[in-house]
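Undergrad: With these hints in hand, go ahead and build the complete structure from the sequences.
Number of protein chains: 4
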Amino acid sequence: MLGNTIGVLFRVTTFGESHGPAVGCVVDGCPPGVELCEQDIQLQLDRRRPGQSNISTSRSEPDRCEILSGVFEGRTTGTPIAMLIRNQDAESGAYEPLRDVYRPGHADYTYQARYGIRDHRGGGRASGRETAARVAAGAVAGAVIALDDMEVYAHTVKIGSIEAKRFRRAEIERNPVRCADQQTAMAMAQAVIEAQEAGDSLGGVVEVVATGIPPGLGEPVFSKLDAELASALMGIGAVKGVEFGAGFKVAQMRGSEMNDPIYMKNKKVRMSSNRSGGILGGISTGEDIVMRIAVKPTPSISLPQRTVDHDGKRHTLKIKGRHDPCICPRIVPVAESMAAIVLADHLIRLKSIAGR
Amino acid sequence: MLGNTIGVLFRVTTFGESHGPAVGCVVDGCPPGVELCEQDIQLQLDRRRPGQSNISTSRSEPDRCEILSGVFEGRTTGTPIAMLIRNQDAESGAYEPLRDVYRPGHADYTYQARYGIRDHRGGGRASGRETAARVAAGAVAGAVIALDDMEVYAHTVKIGSIEAKRFRRAEIERNPVRCADQQTAMAMAQAVIEAQEAGDSLGGVVEVVATGIPPGLGEPVFSKLDAELASALMGIGAVKGVEFGAGFKVAQMRGSEMNDPIYMKNKKVRMSSNRSGGILGGISTGEDIVMRIAVKPTPSISLPQRTVDHDGKRHTLKIKGRHDPCICPRIVPVAESMAAIVLADHLIRLKSIAGR
Amino acid sequence: MLGNTIGVLFRVTTFGESHGPAVGCVVDGCPPGVELCEQDIQLQLDRRRPGQSNISTSRSEPDRCEILSGVFEGRTTGTPIAMLIRNQDAESGAYEPLRDVYRPGHADYTYQARYGIRDHRGGGRASGRETAARVAAGAVAGAVIALDDMEVYAHTVKIGSIEAKRFRRAEIERNPVRCADQQTAMAMAQAVIEAQEAGDSLGGVVEVVATGIPPGLGEPVFSKLDAELASALMGIGAVKGVEFGAGFKVAQMRGSEMNDPIYMKNKKVRMSSNRSGGILGGISTGEDIVMRIAVKPTPSISLPQRTVDHDGKRHTLKIKGRHDPCICPRIVPVAESMAAIVLADHLIRLKSIAGR
Amino acid sequence: MLGNTIGVLFRVTTFGESHGPAVGCVVDGCPPGVELCEQDIQLQLDRRRPGQSNISTSRSEPDRCEILSGVFEGRTTGTPIAMLIRNQDAESGAYEPLRDVYRPGHADYTYQARYGIRDHRGGGRASGRETAARVAAGAVAGAVIALDDMEVYAHTVKIGSIEAKRFRRAEIERNPVRCADQQTAMAMAQAVIEAQEAGDSLGGVVEVVATGIPPGLGEPVFSKLDAELASALMGIGAVKGVEFGAGFKVAQMRGSEMNDPIYMKNKKVRMSSNRSGGILGGISTGEDIVMRIAVKPTPSISLPQRTVDHDGKRHTLKIKGRHDPCICPRIVPVAESMAAIVLADHLIRLKSIAGR
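Protein chains in written order, with this note's numbering: chain X, 9 to 364; chain Y, 9 to 364; chain L, 9 to 364; chain B, 9 to 364.
Keep in mind that a hint or two might mislead.
Identical copies look the same in the list; a pair holds intra-copy or inter-copy alike.
Pairs of lysine-lysine, PhoX-like flavour, derived with a Cα cap of 20 Å [said to hold, decoys possible]:
(1) K321 / K275
(2) K321 / K276
(3) K257 / K173
(4) K273 / K321
The set of hints was computed from the structure by calculation and includes no laboratory data.
TA: Listed below in structure tokens is the structure:
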């Protein structure tokens, strides 16, 4: 991982600012012969795009994806796949008063500190809008891993203090918060709306699950599968924590509670529990990979906040505009994409070991 | 990060198996002119090495470090620094009965699945012993960042259900669990001994803090500072979760509680709280970087466990040998090392931006 | 260098096929604050684009470059710079008879062997058209190195058996073969036309010179400056050889003839000759870097050639279409671009060494 | 390629200075299950080591190789293979007068310019001694590609103005210059001795050939097989030029002379000539890969040379010591090693493409 590129054999480079001409990506190293069309990409982009419900930003972006290269007669050719998404509904004028003001919880100051210059409009490069490019790339990764029967899905398990109580996968896409527990979903949505009306925002937890995983994915000791998944997920804007399997609960556990017993089923080595989250020693066990990410409340709130501008002058800021009061539902496809990208990369790496 | 190498400009490659001739590392990209001698490395190795107290393994390894290259007349030359630590007290015979048996919670099966062959003795490459090489490299990284007044320290904040209640940095190295709360440390040590006597082991939480951080470290969007720190920490054997600042607590927080207010002090932009953990948008804010890692209980326990061997035959396993009943105290220098390596890398990357 | 990306800190990724929707590139790692506009890019693209004279292909491509990201208010921001060039005059129908036939001297068979699928139209990814993207990236690199007073230029020194006899830099852009010897240039152009009329093509040698070089560029032992320049130049389609300074003439030389004597001028270490070509031990000496590349005759000729198709059926091929009978003049801006990209990368790497 | 590491999936990192404690390397990414022992490495090291004949340096180094990791019970395990070669016959005292003097044709000044500090003894890191580590790594690479029936050999084709007239592979190792033409070899050796007696040295040309190559190796557009081979060969100390197939002769050729006709034999696509040198579009054709490198005369000569020291003071230098008057014979195993390393890397990369 280097700058705006992630992956070794399956490599994704994203580009674009929130209010520039476009966002997009180049996927390099996609195996040849994979069926792919713009509709496959669009399907995922539509899950991420703004304006899907009353609890997401009202910025209206059709997020039309154009494939510029790497696909010939409906199949990938092994050459780089460039994808382009034009920005259309950018209201840059609204950001003019914020040109030199550092919004708390945002990357305004840190980009200024690092680069000495920044496109302040809509968060520029640090905008969540950049993740549209990740989702486009993730759709390609998804197609790659699907050929080996692997799949990734994610769902919101917690918003504020409200936690999902049961899991029904079919329900995830049926509610605006993408929770696998339809009933709890309604309470979550209500909490989000209340926070929004109070000029505030809410955090949450999203669970990401990868299924159909072959044992052997991951490259110790520094490209361990969990290490790279953690990096990919932590690299999503609002994420402040990542855990696998039993996660932070392991602190209170004893070895005898933690270790997953091993047995044999259909000539395959299996674990009778999955507290390890599907990874041991940085390599997949063959069980589902289970991750959870801590999602912070959207920093853009209309309640007054103390800050300074570039010249050190104090400001009390009330952020107006079209913001998601809770980003969990829209992080779901982004988290899926990041996990799929890492898995596609490691799947290809695994195949490179002679004899496979 | 690729295989056994971490870093872009400050690159560490480790090698070695638990019961092979040696473990070691090559540090490439260390800036020239840094004062360095074997004693600097030894100091850190001594903090990691086994047998420091009654709650760590009794394997007796002096862990003598030899610098093979890259240092001339007491200073680094900019060429690769190779460091060698011979293995001495390997009792390989004890592992012979485990040659084909997969120990639960260990990487035995996953290495076999990936590589089709493995050095089973003492966990081979997956052994915690490999981290001695990381600590040697970390000592070099520590010397590099110290030139810019940066420093990393870590301490145990939780073991089992016992949490540290206060923080006194000076106390960390004064107790066998490396807790900054001397009184709690005694209770923690007691709990560890009890678990050990019960043939079991305990998990915990270690906090890692980096101080003296300049704003601007980190390379969005995929080499964000938190993403790379997360990867480096998650890549330590027993770690199942990583969080920054408020971490998983952000789920319950509102934006107005989460956002760190910004003010100006001595012409520097500062945050009046540090719930972000010192990183916004993947770039350091200049505040301390605060991370916590979830450490699972050591998988090697003498209580009986169900498993299978390579041929699918069932076994009930009682692991004998010299194992740490709680790895937290010895993870402390390893976690410091990994964080220092990432910070050194990003510090050098930051300096590469023209004009600095 | 990996797949379609070159560079470590200044990274260029290109994409696009000859007859697909577009070619383009993403430049990542460009320092922030560099003045850049589309006109800077266009200027270089115009030097590469087809149809400049009667000895280049008549494919009519305006090669308009659009900057999609990374530039704000006329300056780079440190974020990735994506650039797009739409394909317009693609005559794909002409390639339909060649769908399964392997053209000698082209990459048709090798792409098929590697990927099992290929976009045959106009050479697909292997087309010289891809170099438009390199020239766009090279223009950015040129702007970066120009800030440190470095510059790269190239010129044709040989076509067929005709060699330039003198060097006047001002004359390079005044003749269709880009030779620094106007008189010889006319003879070269004549030879090219004669070859073309005979249904054939001609090879040549292009010299690439980098000036204003600071000593210290290059990263031994595997990222030596000459190693990376050689890779970048050899990676241009028609290039079959690269040499530095005295090049292949060193075989006949004695050490006493080869070694450049060292002296001091204006407190700078200088060489009184430059047979090393400006690089010793893989690091720049501060003298001009002088390289020459061997350019093979364009493989697309209308004389009959023996070959086979995908099914092994024999064909006698006469290639029609719009092809450059000698590619030297159009390789000049491409070679300059590749050298500039490597130099920009190494310049930034050099700045990363602490204390500079 | 970055600093002291070469390769993507088969990665070699070397370390060590001429007069430090040791040189060595870490090979990461070697496929598991490859038979390997120290004797395999030693065999190649013995071909490179000094003192083999009266025309090589008399420094007496046994160059004993110790494998430190990555091999278990005679087979590689997929974990990093570290190899160590202790320096023994370093006569550092002889270099004391040269501590601050820049030897012409050497990297003394450029290392000083880049790093501001250097180990001057015996050339330090820039010494040819570092290539012992490359040869050790090359032996591993050779074992990897041999499993797919690939092999690399090299031989001296020119020294001074004397060229080999015929090729008999069996004769290469039977004469001190490693020429495949025994008779010419004697003349070459004589020329070298004469140059040495005159206090001077001689250059030459070495040809490197890779056989048994599958079509499809190479990763356009920036990791083309020829680009990476060129980089690897140009990165050898004395090399000033690299060419493939017809090489610099292509300048005088016409397309109709250059293009290799294509035919079918035993259901395989073949070329009836090999002017392309086995690579088209950066991907192997399946024919032998044929490369030639220009080797400069050894810069260490005892004839007087003009130079300066670190403080700008002029010196007339006569270099004493034990130097090879012509490095061609000892470059042979190094060039083979570098080519094998690149081929092993690309072989593994090719296997990573799904479906193989």
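Undergrad: Does each hint fit the structure? Answer for all of them.
TA: Hint check:
| no. | hint | in the structure |
| --- | --- | --- |
| 1 | K321 / K275 | between (69 Å within a copy, 11 Å between copies) |
| 2 | K321 / K276 | between (65 Å within a copy, 12 Å between copies) |
| 3 | K257 / K173 | both (18 Å within a copy, 19 Å between copies) |
| 4 | K273 / K321 | between (67 Å within a copy, 11 Å between copies) |
When each numbered hint is compared with the structure, no violation occurs for any of them.
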